[in-house]
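Participant: Sequence:
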Amino acid sequence: MIMTIQEKLGKAIVQLRKEKGLSQEAFAYDAGIDRRYMSDIENGKRNISLDIIEHISQKLGLKISELFAVAEGISL
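Each number in the numbering used here corresponds to the 1-based position in the sequence shown with 122 added.
Don't take every hint at face value.
[Unchecked claim] Listed below are the simulated SDA-like cross-link pairs for lysine to any residue, each with C-alpha atoms no more than 20 Å apart in a straight line:
id, residue 1, residue 2
1, 167, 126
2, 181, 126
3, 140, 190
No lab work stands behind these hints: they were computed from the structure.
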């Protein structure tokens, strides 16, 4: 089974968020994103805008390219 880019990006966000010791709820609140929407992002159910990707990467302390590099390394 091949993962979509949305699924890979979602898994990367989960991984990076957990490395920072943040709950999904705390991260979503800090990023100004609804927790349910963040859940959908992390589960690969949303095709999010570049603005949201930029905002999430900033909150994770990464460049967008670094966030995508993590996503590219995600596998089943």
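Participant: Does each hint hold? Answer for all of them.
Facilitator: Do the hints match the structure? See the list:
1. 167 x 126: 10 Å, holds
2. 181 x 126: 23 Å, violated
3. 140 x 190: 17 Å, holds
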